[in-house]
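J.: Here is how the chains run, residue by residue.
Protein chains: 2
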Amino acid sequence: MEFLTDLLTPNDTKILLVVLDGIGGLERDGKTELATASTPNMDGLAARSSLGLTTPVDTGITPGSGPAHLSLFGYDPLEHEIGRGVLEALGIGYRLKRGDVAARGNFATVKDGVITDRRAGRIPTEENERLCKRLSETIETIEDIKIHVKAGKEHRFVVVFDGEDLSHELTESDPQKEGAPPAVIKPLAKDAGKTARIVNRFVLQAQEVLQTEKRANTLLMRGFASLPDLIPFPEQFGLKPGAIATYPMYRGLAQLVGMHVLQTGSTWEDELHTLADNFGNFDFFFLHFKQTDSAGEDGDFDRKADFIEKFDALLPQILDLKFDVIAITGDHSTPALLAGHSWHPNPFLLHAPATARTEGEPGFSERRCARGILGHLNSLEVMPLLLAHARRLKKFGA
Amino acid sequence: MEFLTDLLTPNDTKILLVVLDGIGGLERDGKTELATASTPNMDGLAARSSLGLTTPVDTGITPGSGPAHLSLFGYDPLEHEIGRGVLEALGIGYRLKRGDVAARGNFATVKDGVITDRRAGRIPTEENERLCKRLSETIETIEDIKIHVKAGKEHRFVVVFDGEDLSHELTESDPQKEGAPPAVIKPLAKDAGKTARIVNRFVLQAQEVLQTEKRANTLLMRGFASLPDLIPFPEQFGLKPGAIATYPMYRGLAQLVGMHVLQTGSTWEDELHTLADNFGNFDFFFLHFKQTDSAGEDGDFDRKADFIEKFDALLPQILDLKFDVIAITGDHSTPALLAGHSWHPNPFLLHAPATARTEGEPGFSERRCARGILGHLNSLEVMPLLLAHARRLKKFGA
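Top to bottom, those sequences are chains A and B. The first sequence begins at 1 in our numbering and counts up one residue at a time. The second sequence begins at 1 in our numbering and counts up one residue at a time.
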């Protein structure tokens, strides 16, 4: 990475990284979602582009969205782990600062000191929101640490400890089974004593607030985590990056690596307007479309293919902006036939009119990508490739 | 590897790894052995499977059977070296225990204290067997160490030192040239003193036994080695593995990584019966066919192609067992045109009806594999890939 940074040279080229989340798939009647969808624009673009396949982490490994995006952004997910508390905070749109410690919380039911329901009967989200509001108002600070309690869905919430000298090196209070009492949280590192003390005091104070509740009369905490320590994207790659995504998790992941996250509406058309409106303000855009993944997760092959067609129809608007380098790919595959993330490599299209070798024949599918000019890449190779095609990397050696 | 082990999740899927030893080849009249052979069953299966090429160690490296199999089994052969003594012991079917030290022996001729023939005139195997029997009966133990002397072919044999506190860190007694005396064996590590003393005493006692022999009146020892220290296959991959192979070396390699080696007959049909009979008892099978390699080693292109055709005819029996995941590949290439192992990547076919992307067109050859969906893999990636397709790996991160 330092090697790459040493080669950076600025210019005024513009790069677009389009992530069709989970676009890679598996075959129904011999055709994947991408091969099934009618995509005349991408097919035509493929003839004037290079194709390949990317593996997000390693052969056979199915990544979550966190590691898959980190890798695409050029950060090795095996080196920079994103803890559960951080992911949960990103998922509800909480903007963590460096030094914050975030944890996942569950409302739970306790009787005679032991847990009788780890999920408090999956209380409705509205009840959760009411309880988090009460906790936030009642427990604003402990010692010099600010406490933020944010509701998620059903019984899940996030607690953020915000202040100096905090550590995420803590045991969990969730015993992971019913019939046991909640555990006292203990420090796992020398400098985690203060955080353990504060978290345990938070739990005690929260239990007082909750004691009159019927179901959610206690809480369990786990997945303590802080933002990973990484060189911010602008510094690492010499780019001014703008991120366009509608879902909190992806906005959070972009922010976490140091991208500027743009305000946008909730539709794909909104995202494209945001892209066009901000075209002059950034030299790298991360443009994220979520629904291909959601349809894959739901096992809905046809809906996923429909979303791919929808993107294809929008593609000319993107091409009209005249980026120097465009990549169209996924973070990981989400085959509808598996109704979940998978380990299959992602289709990858690299369009760089001035610098890319081209396939010469139309067609964009997993099979075409497997035989593509770029071959098989690790997702970590994408950023160097985009920088090269943007002519932003100097010669190495003489 | 630890990373992979953390992701393991058990289920009841079944995996088959078929090794057609040395199947990869070179072209005669434009076609390799595999492309020349008529293989309608594999050709058809390829259309419903993913193809690729695997490199056992590294580009341009020709591996022996030991490193090539270790790599396929998921163990880095550059980390886990199998010494010559161990390979030789495996090759004659001796079952080494952890802690044993094995060495290769040569019967040799000595006159006036110097070696006049390092191979004792390549004495017949029967004479070798007679001498090894005498040595075994005369020298049963030295100090607390048991001594096992086992004949190989011609002048070659194996000595195993069996007991506590042994080390393979020793110099060799074979001076590798004639006209020199056999060397005294010296320890190469602090804790190898005891072993050096015992080995030198063994050599002296053996020379006494052999002194009346005309040709084989001394012995030379080299390649001291112990079993590599590796995490057993069942623990490493969460599988219950059964190995089916007819040749001692491959049975030994399977046993060495912790597979259960099944009793089987000497023919390929016997091996298939063993597979069918044990189908319910294991969830991973290593099924090894030797003769493709032997024909390649003999430079017999047509015989090698015939054996490939023979396997193809047996393939339907294998498919009838309904494995969830089948890989058909080689350990290394053995082109008949080179009459030996080579560095060329192995054809690799992955059949996983529920989870694999497919080629869509029939044909199984090195050329088709080079353009296959899986691209170029290192053999070390095979086990993670098989585990993924068997749905035995959890998602990494969220």
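Some hints could be false.
If chains are identical, the list can't say which one is meant, so a pair holds when it fits in one copy or spans any two.
With a straight-line Cα cutoff of 25 Å, these simulated BS3-like cross-link-like pairs (lysine-lysine) come out [to be verified]:
no., residue 1, residue 2
1, K395, K111
2, K310, K240
3, K153, K394
4, K290, K186
5, K322, K97
6, K111, K290
7, K153, K31
8, K214, K186
9, K177, K146
10, K395, K177
Because the hints were derived from the structure by calculation, they are not lab data.
J.: Looking back at the hints listed earlier, which ones does the structure fail to meet?
T.: Those not satisfied are hints 1, 2, 4, 5, 6, 7, 8 and 9.
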